[in-house]
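2 protein chains.
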Amino acid sequence: MSTTQTNKIETIKASSTKINEVDFSNLSFGSVFTDHLFECDYKNGEWQKPVIKPYAPFLLDPSTRVFHYGQAIFEGMKAYKDENDDVWLFRPDENYKRFNTSAVRMAMPEVPEDIFMSGLNQLLQLDEAWIKKGKGNAMYIRPFMIATGTGVIANPSDNYKFMIILSPVSSYYSGEVKVLIAEHYSRAANGGIGAAKAAGNYAAQFYPTNLANKEGFQQVIWTDDATHTKLEEAGTMNVFFRINDTLLTAPVSERILDGVTRKTLIDLAKSIGIQVEVRSVLVSELVEAAKNGSLKEIFGAGTAAVVSVISGFSYQDVYYELPKIEFTMALQLKTKLENIQNKLEEDNFGWTVKI
Amino acid sequence: MSTTQTNKIETIKASSTKINEVDFSNLSFGSVFTDHLFECDYKNGEWQKPVIKPYAPFLLDPSTRVFHYGQAIFEGMKAYKDENDDVWLFRPDENYKRFNTSAVRMAMPEVPEDIFMSGLNQLLQLDEAWIKKGKGNAMYIRPFMIATGTGVIANPSDNYKFMIILSPVSSYYSGEVKVLIAEHYSRAANGGIGAAKAAGNYAAQFYPTNLANKEGFQQVIWTDDATHTKLEEAGTMNVFFRINDTLLTAPVSERILDGVTRKTLIDLAKSIGIQVEVRSVLVSELVEAAKNGSLKEIFGAGTAAVVSVISGFSYQDVYYELPKIEFTMALQLKTKLENIQNKLEEDNFGWTVKI
Ligand SMILES: Cc1ncc(COP(=O)(O)O)c(C=O)c1O
Ligand SMILES: Cc1ncc(COP(=O)(O)O)c(C=O)c1O
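So the sequence lines, in the order shown, correspond to chains A and B. Counting from 1, position 210 in the first sequence corresponds to residue 210 in the numbering used here; the numbering is continuous, with no gaps. Counting from 1, position 350 in the second sequence corresponds to residue 350 in the numbering used here; the numbering is continuous, with no gaps.
Keep in mind that the hints were calculated from the coordinates and are not lab data. Only a predicted model underlies this, so the values are computations on that prediction, with no experimental measurement involved. Fair warning: there could be bad hints in the mix.
[To be verified] Restricting the straight-line Cα-Cα distance to at most 27 Å, the calculated cross-link-like pairs of lysine-lysine (DSS-like) are:
| hint | chain 1 | residue 1 | chain 2 | residue 2 |
| --- | --- | --- | --- | --- |
| 1 | A | Lys13 | A | Lys78 |
| 2 | B | Lys49 | B | Lys97 |
| 3 | A | Lys343 | A | Lys296 |
| 4 | B | Lys178 | A | Lys214 |
| 5 | B | Lys133 | B | Lys354 |
| 6 | B | Lys324 | B | Lys132 |
| 7 | B | Lys214 | A | Lys97 |
| 8 | A | Lys8 | A | Lys354 |
| 9 | A | Lys43 | B | Lys324 |
| 10 | A | Lys178 | A | Lys53 |
| 11 | A | Lys230 | B | Lys133 |
| 12 | B | Lys343 | A | Lys214 |
| 13 | A | Lys43 | B | Lys178 |
| 14 | B | Lys135 | B | Lys324 |
| 15 | A | Lys133 | A | Lys13 |
| 16 | B | Lys78 | B | Lys133 |
| 17 | B | Lys343 | B | Lys97 |
| 18 | B | Lys178 | B | Lys135 |
| 19 | A | Lys97 | A | Lys18 |
| 20 | B | Lys97 | A | Lys18 |
| 21 | A | Lys49 | A | Lys178 |
[Claimed, not checked] Stretches of chain B that chain A covers, calculated by requiring three or more beta carbons in the stretch to come under 8 Å of a beta carbon on chain A:
| hint | region |
| --- | --- |
| 22 | 31-41 |
| 23 | 147-160 |
| 24 | 187-193 |
We put the beta carbon where it would ideally sit given N, CA and C, even for glycine.
Required output: the full structure, derived from the provided sequences and hints.
As structure tokens, then:
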């Protein structure tokens, strides 16, 4: 992967910086944004001239398509600063490809690699002071695209806006995570948009997740909507199950997001001799393993939380607490991944890309 | 249903009207908007003071939740002007209730009846000159709500904006409608949001509908995502099948929108002695009926197109053309419905409400 560097993007600099107003030791995830953003509009069937400009609100007509028919996709990635002040991206080509896969499924135009990658690079360079060193610290990068055409008729939009915004984040501590296995609600349909990072997929999960929260569960693990017998993924994370010494995770499908962290952990696990099985995991199998003591760990994997340990799950009103283990695969894999991302350990996979 | 009239809503009038720029004999659906809109914001856990003001773009932060996590719902209804210049709504209580059903499913706050109904009434009164008389002419009303909170974290928003915008429309002529029966793609999951008028449901259909368009089909009739054996609904219409002299339509479910036109046509059909069966209709049954000649009509039912005649369907690469019938149930029901909506025929059902 080359981080294609083309001509310099037109850049309108902010007259002052907000960086001094930010308490970097106390960041709430995704709530603080840097001084600039990257923007490129699509109209008349083509991408217009991209621009980097001060982060600011923009005007939209009340009939803008994204409000009514939901064409909106995004990506989530991170940049890391190493001890030499170099800034690194982690597998940005994966996010770029997935963004366009989402675009196709949502009938939106694909973003050219050059626009995506140069935008990303030049924006990160400009707001580089906002990226802090140290494990856990990162710049969360949010590329997204919305339908900006107008008119209340249920057709694909003619105009779109692609933007990248940056949000500095620090270690994500979610507290204890207990999960509920979905028995009625679902996040995705066969032949639906579950594999796309489409805005509508997230809103669909809020209500059932709220219900789970009220019962004391932080997250829902979704199951297939037809039978609710197969374990799929969590709201913003793929899920791994350790039964004895084997790590299990569902294959990606049109209902499951092809997570970058998931595929990275699979490779990392294999590289350190952990046996990994990518196959459908049945709820019944999980319950059985919990009962007979062979279920050792469950953890979520995603860019935001990296690896998120799950302490127990509930299914059919029975709560299954996981054993407390000293040396977990979750911690082993998380440490290895963060070391590679932060350039503390050699990257033998070619995943890290310098900007 | 009472059209609750409360205190006058604060109204900021447009300094001039755009009405003279509009060619009312040549309206493209949903593309022209009146001079004013109704707006009410939700923040700090409550609905703020509503306002009617000039139709205009508004500012949103790039991290606004609706762009990223898709909390957005809408309604579609119409107002009609009769020969005495009185303006009538059609079953507005149904749209109001459905709006809040959608809100609950999308973890958004319900809109109080008073805000919804007074907003609707006072806005229509103010822009009343835009409503034209005559069958086919109507004011298309678009109430909608979007998440306006900021921050890129996949949680329900704290702030929301509820708006009503108005678009004058004339007779909807869609040309010949051939449909494709979905064999792979789907619009809704069991336990999903198919029954909500949520923005994300529409974007999800664009790509498969584009594929169908390319093969010469204007619309897709969706089937259940688990087996693709049961006929469900079209993109923005419920669907009726006439086999011999019986009208069949699928029961509403968590995958199917509870259409106002659908339930109205069921009642109208029954009132004129047509036998109606609300039950699952199998694709195999439809194909069989098409083959043996008992399939007489298929039509869609929805607020925008009212009743939309379908001339044939394709399934497993076989195209089934419907017979050309003189006196169709579709036309019979459409005429009756439009007569009631336009106050040309007595409304024995109490469906029409004067504003
Ligand atoms: C639904 C869903 N599943 C899984 C993931 C994890 O994907 P990644 O590891 O690429 O961040 C995400 C996103 O972050 C997601 O939104
Ligand atoms: C998915 C869907 N089905 C059916 C309908 C028909 O509903 P109604 O008759 O209330 O307009 C609509 C909307 O108009 C719709 O969006």
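For each hint, the structure was consulted:
| no. | hint | verdict |
| --- | --- | --- |
| 1 | A:Lys13 - A:Lys78 | holds, 23 Å |
| 2 | B:Lys49 - B:Lys97 | holds, 21 Å |
| 3 | A:Lys343 - A:Lys296 | violated, 30 Å |
| 4 | B:Lys178 - A:Lys214 | violated, 47 Å |
| 5 | B:Lys133 - B:Lys354 | holds, 15 Å |
| 6 | B:Lys324 - B:Lys132 | violated, 33 Å |
| 7 | B:Lys214 - A:Lys97 | holds, 25 Å |
| 8 | A:Lys8 - A:Lys354 | holds, 18 Å |
| 9 | A:Lys43 - B:Lys324 | violated, 42 Å |
| 10 | A:Lys178 - A:Lys53 | violated, 42 Å |
| 11 | A:Lys230 - B:Lys133 | violated, 56 Å |
| 12 | B:Lys343 - A:Lys214 | violated, 49 Å |
| 13 | A:Lys43 - B:Lys178 | violated, 30 Å |
| 14 | B:Lys135 - B:Lys324 | holds, 25 Å |
| 15 | A:Lys133 - A:Lys13 | holds, 24 Å |
| 16 | B:Lys78 - B:Lys133 | holds, 13 Å |
| 17 | B:Lys343 - B:Lys97 | holds, 24 Å |
| 18 | B:Lys178 - B:Lys135 | holds, 25 Å |
| 19 | A:Lys97 - A:Lys18 | violated, 32 Å |
| 20 | B:Lys97 - A:Lys18 | violated, 45 Å |
| 21 | A:Lys49 - A:Lys178 | violated, 47 Å |
| 22 | 31-41 | holds (count 3) |
| 23 | 147-160 | holds (count 8) |
| 24 | 187-193 | holds (count 7) |
Of the numbered hints given earlier, the model fails hints 3, 4, 6, 9, 10, 11, 12, 13, 19, 20 and 21; all others are met.
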